[in-house]
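Residue-level listing of the chains:
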Amino acid sequence: MDRTLRLTYKKCEKIYMDSFIQQLINGITLGGIYALIALGYTMVYGVIQLINFAHGEFFAAGGYVGVICLSFFTGLGYMETHPVFCLTASFILAMGYCAYLAVGVEKIAYKPLRKEARLAVLLSALGVSIFLSNGLMLTQGVYDKAYPSELFQGGFHFGNVTIGYLQILIVSLTAILLVALNLLVFKTKIGMAMRATAQDKTMSALVAIGSNRIISLTFAIGAGLAAAAGIMVGLYYGSVRYDMGFVPGIKAFSAAVLGGIGNITGAMLGGLIIGMVEIFGAGYISGEYKDVFAFIILIAVLYFKPTGIMGENIDDTRV
Amino acid sequence: MSAEPILELKNVHSGYGSIKALKNVSLKIYPGEVVAIIGANGAGKSTTLMTICGIVPIEKGDVLYNGMSVKNIAPEKLPPLGLCQVPEGRRIFPRLTIEENLILGAFYRNDKAEIQRDIEHVYSLFPVLGERVRQQGGTLSGGEQQMLAIGRALMTKPKVLLLDEPSLGLAPIIIRQIFDIIADINKNQGTTILLVEQNANLALQAATRGYVLETGEITLEDKADSLLHNPEIRKAYLGE
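As given, the protein sequences belong to chains A and B, one line each in that order. The first sequence begins at 1 in this note's numbering and counts up by one. The second sequence begins at 1 in this note's numbering and counts up by one.
Take these hints with a grain of salt, some might be off.
Here are the computed distance ranges between Cβ atoms for each label pair [unchecked claim]:
{"no.": "1", "chain 1": "A", "residue 1": "Asn134", "chain 2": "B", "residue 2": "Ile73", "range": "38 to 44 Å"}
{"no.": "2", "chain 1": "A", "residue 1": "Ala120", "chain 2": "B", "residue 2": "Lys235", "range": "27 to 33 Å"}
{"no.": "3", "chain 1": "A", "residue 1": "Lys111", "chain 2": "B", "residue 2": "Asn72", "range": "17 to 23 Å"}
Keep in mind the hints are simulated off the structure, nothing from the lab. Every residue, glycine too, gets a C-beta built ideally from N, C-alpha and C.
Chain B with its partners taken away, still in its complex shape (with noise of 0.2 Å):
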């Protein structure tokens, strides 16, 4: 772990208009980390990763990108410096095919053989996309739409990946299956994860960090290990 963040929140204040999402909140997150941030629903989590990649305003405060600040860089521009979401809910491209998908996440990178290349990498990671590569995405299900969603960020190559809520509405079995791919992503790719989970168990068994966020602020900070056997979190969020 090297002594500079990747990625750093500094007291960083948002919202949608009126509404203020998040307040003062401070986060560093260490290159070839995996930091989870834990709360309940409404709670800010998935506003902090909007707002890391610009689409929710900041108001005060300040995001770090490798020590440069990335508060007035326009969204669009993020992933081909390596900064990547795979947003809530996976917002695929309903109408595009599962292989257009993936295409489009290359949509900034011009090197044909290794777009190529990266698909197949992909379609290796998650065999059921390989075997339907013109199907819809609206048609899949909720677990295959998860894989593409993940598929799709990594053909941007990111160096940090943000995660929101890959757990949801899932089989366990899938989930599973995500979060080793998760991992593997981690370890073989040295790929930084900030993850945003309710799911507070899975979060923090797969992290080496985590933040507990609750109303727009954060509370909380410290090695999930501990985090999993902290008597508070584990009755507030772990159903103890």
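Chain A on its own, in the form it takes in the complex (with noise of 0.2 Å):
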């Protein structure tokens, strides 16, 4: 009797560790999606002081190019002959779409308002966000997209732990984008200059900087890796809705306060943190609650360490 208690015993702990592990999986895919789009909100934040909240409507924009290309591709049956140029191709695509559509929003709706009070640009923002989701709703519809996805079903079993091909395919484009991120803002000249315009615009411009290009550089930049991230939803998910872009915006919103806002490392570190946060709150307390768990979070952040995980003092930018 107690031999097989024992080995009941020992069966649930199989089961639950590797539910864990499962979990843990899901978690690094959402976070890593959750980080790629919090890199815009910080790095946007970092540079000109602005929450982008139009920054979602890029996230959303990408995963329309992209199962637009997607569609298109499949139709002409070369999703079948040669997957990784269509996929490539839809992921320069959206993410080029989605620089260009940034740096143009930046332009007409917030540089004219860059030396009024920050409330403008703000409310500016959310113009431009219900201005881009409304346009988003009109030309493709108000109904789910589905991505033409059958060519990532599957994946690699363990035990009752699946890696899916989608997952693998999500979490090394990811990595991918963040080390060449890292790389460009850390390592380059150019970086340099975005670093350095986030701290003194007024000596970047006495060392030939100018503030113009470094801003229109950042929202590109940001908005390609949120165009990247719809891509990857879309994939994930399923399909793609004209409204995708609020929800996971706010939660890439928390990612990066929670990271430190204006903090590279921070939003990547913040992304994963609310992505696994989400992922394991809904395995383990509820799934009703899923969007809840990173708003606890940014409400916690902001009461007890408004600077965030690795946000820097207030005094230090101004040395």
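Make one complex out of these two single chains by using the hints.
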């Protein structure tokens, strides 16, 4: 009798462990996606101290460009023969489109207000968000648009743990983008100029760094990363919707605040944490409250440590 | 000294919004000179430099550099022309390393080998910087920051260097060192220098000519020596 009990207990422990690992994998996948979106918030904030509330719309627009491209390729039958090319092309087109969109938005809606009070730009960002979201609804319709994702079914199985091919694709692509961004920001001259502009715009101008150029570049990079995340979410969940930018946008914003707004490493870390907390919260507490966990963290961070995990002291920036 | 000024302010009025900081300021700086602007706190010395660099907008008058009006040129377009400023408070990029600060001084340049040579040159002028190239700018002492700020400005290959209060908050021995380097830059590289200082004694000893700025207006212009011996100046600015 004792033996059977012990065996049952062991079996339960195994299932429990498997489920934990499965959640961890799912959490990393989702967290990476949040990290990609969070970077746009944090980089733009770093350079012009604006919470770009329209940022989630770039994510949605990326998802739509992705579905349009992939459907087009599938229709031609290329998806079967050249999957790598089709995916690469879709990502490049989506990221490029959103980068241009973001640069345009900045020039039209934010730049003219740069000398005004911060609230003016913030309201303008909200307006842009509503505008872009409705534009997507009017041109693409109110219903979900399905991703042609039959190709990425399946995955590796280890006992009860499954790592989907799609998850591997998403995580590796996220890793590549994050590494590339880090190299750009911390190893190149233009990256140095971005950091310098974030620290002191007047002084940057005095060493020939034009802030307009840097601001455009920042918007382009942030929106490009969000667009990549948009395709990933489309592939992962199988469909996109015109209003899909809102909730992930706010969650990624929470991630940026958690990491310390303005800090790039912080945004990556914050994204991962928010993704994990959401998955584990949904798994172990309740799936119904899935969307609540990110906001509990946001409120807690703002209450207890508003500078976030890696945020700098305000004094520090004024040296 | 050539007949044409390299930098000229013609009846410049400028300011921040409703505050008029400069009133009818005219200056002429000739190639190879060291010119000092002295004046009390709030007289408009820093504003003069920021106006030249296009940071503070000009309301009336004009700024000529090499005979060309730079009034409508964006501030970031000036360093490539050879006009560079070391602003008040040094304004080192605090979270960039010493080396990164210097590299950004050469932001507009693409001559990699020469940039590297110029960085080595800055380290030879200020060995203390060369010993700690990976240290963040914000963690340096005031003197080291001033050295880095001058080094960063040299990386832009200036023809005219504007220096705002290089002695501010520094120990006398460091001030001596900084002013020796300034004299060296002027002599050996032929860089024209416009120096703004509250420390009139120091500035007039380093300069060939001087201007006195009072509440936004130039009240006196003379050879530095004559200003040093001018009883009014001695009373007002040299504490006698």
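Verification of the supplied hints:
For asparagine 134 (chain A) and isoleucine 73 (chain B), the Cβ-Cβ distance of about 41 Å falls inside the hinted range of 38 to 44 Å, so the restraint holds. The hint said 27 to 33 Å for the Cβ distance between alanine 120 (chain A) and lysine 235 (chain B), and at roughly 50 Å that hint is violated. Restraint check, lysine 111 (chain A) to asparagine 72 (chain B): a C-beta distance of roughly 19 Å satisfies the suggested window 17 to 23 Å.
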